[in-house]
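Chemist: Whole structure, please, built from the sequences with the hints as guidance.
There are 2 protein chains.
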Amino acid sequence: MNVGILGYGTVGSGVFDILRENKEVIAERIGEEISVKRVLDLRDFPGDPVEPVLTHDFKEIEADEDVQIVVETMGGLHPAYEFVKACLERGKSVCTSNKALVADFGPELIQLAKERHASFLFEARVGGGIPIIRPLQSSLSPDEILEISGILNGTTNYILTEMREKGADFDSVLKDAQALGYAEADPTADVEGHDACRKIAILTSLAYGKNVDFHDIYTEGITKITDRDIAYANQLGGKVKICGSSRKVGEQVSARVAPVLIYPGNPLYSVDGVFNAILVKGNMVGDVMFYGQGAGKLATASAVVSDVIEAGKNIGTGVPVQWTAEKLSLVPFGESKSRFLVRTAGAKSENESKVQAAFGDVEAVDAGFAEEYAFVTGEMTEAAYEEAARTVGTVINKIRIS
Amino acid sequence: MNVGILGYGTVGSGVFDILRENKEVIAERIGEEISVKRVLDLRDFPGDPVEPVLTHDFKEIEADEDVQIVVETMGGLHPAYEFVKACLERGKSVCTSNKALVADFGPELIQLAKERHASFLFEARVGGGIPIIRPLQSSLSPDEILEISGILNGTTNYILTEMREKGADFDSVLKDAQALGYAEADPTADVEGHDACRKIAILTSLAYGKNVDFHDIYTEGITKITDRDIAYANQLGGKVKICGSSRKVGEQVSARVAPVLIYPGNPLYSVDGVFNAILVKGNMVGDVMFYGQGAGKLATASAVVSDVIEAGKNIGTGVPVQWTAEKLSLVPFGESKSRFLVRTAGAKSENESKVQAAFGDVEAVDAGFAEEYAFVTGEMTEAAYEEAARTVGTVINKIRIS
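Read top to bottom, the protein sequences are chains S and G. Going by this note's numbering, the first sequence opens with residue 1, and the numbers climb by one from there. Going by this note's numbering, the second sequence opens with residue 1, and the numbers climb by one from there.
Any given hint might turn out to be false.
The list makes no distinction among identical chains, and a pair is therefore deemed to hold if it is satisfied within one copy or across any two copies.
Here are the simulated lysine-lysine pairs, DSSO-like style, with alpha carbons at most 30 Å apart [what the hints assert, rightly or not]: (1) K23 with K327; (2) K297 with K248; (3) K210 with K23; (4) K85 with K59; (5) K313 with K23; (6) K23 with K281; (7) K281 with K166; (8) K23 with K248; (9) K313 with K248; (10) K210 with K313; (11) K224 with K348; (12) K114 with K313.
Keep in mind the hints are simulated off the structure, nothing from the lab. Quick caveat: nothing in here was measured; it's all calculated off a predicted structure.
Modeler: This is the structure we're talking about:
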């Protein structure tokens with residue numbers, strides 16, 4: 001079986017390494033050898049093991065009928081989209097780790113693959129090294145999915161874990177994370193929740209077989225979380241985690257990405273550091289959780305190679321993926337419900353009566369800051385929360401409770 | 001697609017229920033309806049929805065060419081083995097939740113299925129509702145498996161969790177667990193570790209493609225664990241869990257089932273109550289953990305139905321399962337290495353010097369019991385531990401450290 005790789009960056013070279021290093025294990029397991037025939041990159045890599053198979057010309061992969069599976073690890077939308085489309089049109093299967101490509105063109109490329117009896121697979125895109133797409137589509141296929149909830153971004157989980165464990169503030173932890181390579185120079189996509197948002201959109205689309213546009217999902221990052229928020233969370237016996245989640249509500253689905261307070265009974269509670277986890281609730285199987293490294297060169301590359309193997313086992317038929325372009329109906333965010341941990345400026349005596357007037361009965365939380373009044377609300381809609389917070393007028397921050 | 005079910009007990013009726021209740025979800029997901037054509041049971045179920053399809057005669061399922069998939073949920077070795085074999089010989093696929101059948105006849109039945117281009121699947125057997133076999137065989141297929149470690153039995157995990165949280169002793173917690181239906185009237189298979197042993201034998205066989213005879217795995221239950229052991233574990237900041245584990249050591253594999261002390265850094269640490277989890281370490285993907293309900297009617301039945309769907313998608317070819325009859329070479333147990341938490345009878349002053357003479361440098365642990373001396377050893381083989389313990393002569397109990 002012959003593979004072409006588009007892009008010899010971090011993940012692409014990881015795929016190349018795994019296919020070389022674990023060649024025997026893989027061949028034993030699937031009964032066939034997998035060879036990398038061509039690797040496309042604009043750069044040269046003198047002395048690197050990739051040299052003999054390196055090409056600068058996409059056509060050499062596209063036109064090569066011996067290459068049945070193409071790995072796309074270039075990143076970016078263009079020319080990745082055009083290259084992937086060209087490969088699928090020729091009946092080649094494509095396995096990708098590309099963030100933007102799957103979120104923007106998933107249903108179209110899945111449909112094209114289906115028409116050509118090929119596969120378009122992207123296990124690495126959602127959970128890094130966590131096997132989630134295949135279990136969601138096969139092991140959990142008897143179940144109606146009631147809820148998906150995940151710690152989907154290693155950078156932000158690392159930052160929140162460090163803030164809690166070291167009592168450090170966001171900015172200094174972010175700087176450390178950048179120095180350690182756990183956060184990018186421009187951390188926006190991670191810390192503002194955009195990466196988690198694309199992931200929960202994909203997971204929700206796969207769970208219900210219809211398309212969720214990630215633009216439609218309410219997304220809140222962690223940049224406003226302070227050491228005080230974490231002190232209140234500690235006081236309540238919980239941890240602040242940024243979660244992407246979606247839940248079936250009648251015939252609709254509600255979805256969001258936001259920092260939430262999680263209690264120890266929730267299996268996500270103990271997922272710390274750069275680890276990710278995805279909790280799925282089925283109507284028959286109950287809670288199932290998948291845990292692993294959400295990123296990292298070899299973990300991500302391993303997920304891509306598992307797709308290559310899956311595609312290889314299904315040459316001529318393709319691996320079916322349930323994700324059509326039909327739009328999934330989302331609950332308007334204002335109607336979705338939570339309990340909230342709310343902090344207001346000013347002492348308890350100044351705030352208590354107006355809080356009660358706006359929010360009804362609340363449970364006060366004292367974390368030792370006399371100049372603030374914090375409380376936990378009952379369950380209420382986002383719209384009702386906004387209205388009540390406006391009425392009170394002194395809200396500093398709020399965190400939803402999982 | 002037509003299914004026959006052998007045995008309308010807890011799991012069998014769960015499978016029947018799921019196939020009815022989630023009929024639409026399943027049909028939507030796989031593009032075909034699944035109907036239960038016949039259910040075999042010796043009993044009658046007047047008024048039960050199963051009545052119209054109930055039969056007392058296995059031949060009605062065996063000889064029916066419309067029944068392509070048979071679910072075996074009878075339990076026991078005979079006649080389950082004969083029935084399953086007869087079905088496979090006729091080219092029907094079989095999905096089972098049967099404890100003994102898979103452990104005793106796994107490789108033979110897999111081979112028979114392969115010859116007939118049918119499937120023999122048993123997802124429910126290992127992890128109850130936890131998807132593990134398919135991920136192990138597909139998602140982790142690029143990886144060399146370095147280690148598997150699991151909390152594989154809900155009954156014992158519940159007992160140990162309750163002992164820790166309530167400070168209760170083994171016997172009283174076991175009685176409560178029996179009253180709640182979490183433990184069987186005869187709890188031997190659970191509390192002596194036999195159930196976990198069969199599971200780690202299957203997982204290890206699947207990870208390496210060769211057969212591990214469960215009789216060859218050292219197995220220690222939890223009946224000797226006391227509240228004192230748990231007090232020492234607390235003192236060390238850990239929890240006692242009974243783990244089935246196997247690890248690659250050169251070309252061999254070491255395997256065991258035993259109570260172990262687990263620290264918070266280990267993702268298994270927070271798996272409590274009746275939940276199970278399986279941690280797999282791949283040489284590329286790193287740590288991956290699968291978490292869910294290890295038992296329970298619907299969770300187990302959901303796993304069986306996921307096998308039915310998988311078998312249904314692969315009619316005429318069969319789902320390949322890597323597990324041959326060739327024997328996997330195990331490290332002799334005496335050579336496998338651990339650190340140990342050891343309790344000796346008698347005060348520190350009586351024991352310290354002879355302990356040091358036998359075990360070398362150890363780390364003392366004080367949990368407030370003046371009439372005992374407890375300590376943690378360095379890494380040593382089981383044989384060396386036995387020898388040292390014999391020399392000291394006053395050992396009350398030992399727990400390995402994970």
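Chemist: It remains to establish, for every hint, whether it holds in the given structure.
Modeler: Each hint tested on the structure:
In the homo-oligomer, the alpha carbons of K23 and K327 lie at most 30 Å apart only across protomers (23 Å), although the nearest pairing inside one protomer, at 41 Å, exceeds that limit. Taking the shortest alpha-carbon separations for K297 and K248, only the inter-copy value of 23 Å comes in at or below 30 Å, while the best intra-copy value is 34 Å. Proximity of K210 to K23 under the C-alpha cut-off of 30 Å is restricted to the inter-copy arrangement: shortest distance 19 Å between copies versus 37 Å within a copy. Taking identical chains as interchangeable, the C-alpha atoms of K85 and K59 lie at most 30 Å apart only when both belong to the same chain, with a minimum of 13 Å there against 52 Å between chains.
For the homomeric pair K313 and K23, the shortest alpha-carbon distances inside one copy (16 Å) and between copies (28 Å) are both at most 30 Å. For the homomeric pair K23 and K281, the shortest alpha-carbon distance between copies (18 Å) is at most 30 Å, but the shortest distance inside one copy (36 Å) is not. Proximity of K281 to K166 under the C-alpha cut-off of 30 Å is restricted to the inter-copy arrangement: shortest distance 29 Å between copies versus 33 Å within a copy. For the identical chains of this complex, K23 and K248 are inter-copy neighbours only, at 18 Å across copies versus 43 Å inside a copy, given an alpha-carbon limit of 30 Å.
For a Cα distance limit of 30 Å, the shortest separation of K313 from K248 across copies, 27 Å, qualifies, whereas the shortest one inside one copy, 34 Å, does not. In the homo-oligomer, the alpha carbons of K210 and K313 lie at most 30 Å apart both inside one protomer (26 Å) and across protomers (21 Å), since each shortest distance falls under that limit. For the identical chains of this complex, K224 and K348 are intra-copy neighbours only, at 23 Å inside a copy versus 53 Å across copies, given an alpha-carbon limit of 30 Å. Proximity of K114 and K313 under a CA criterion of 30 Å is satisfied in both settings, with 16 Å inside one chain copy and 16 Å between copies.
The structure agrees with every numbered hint stated previously.
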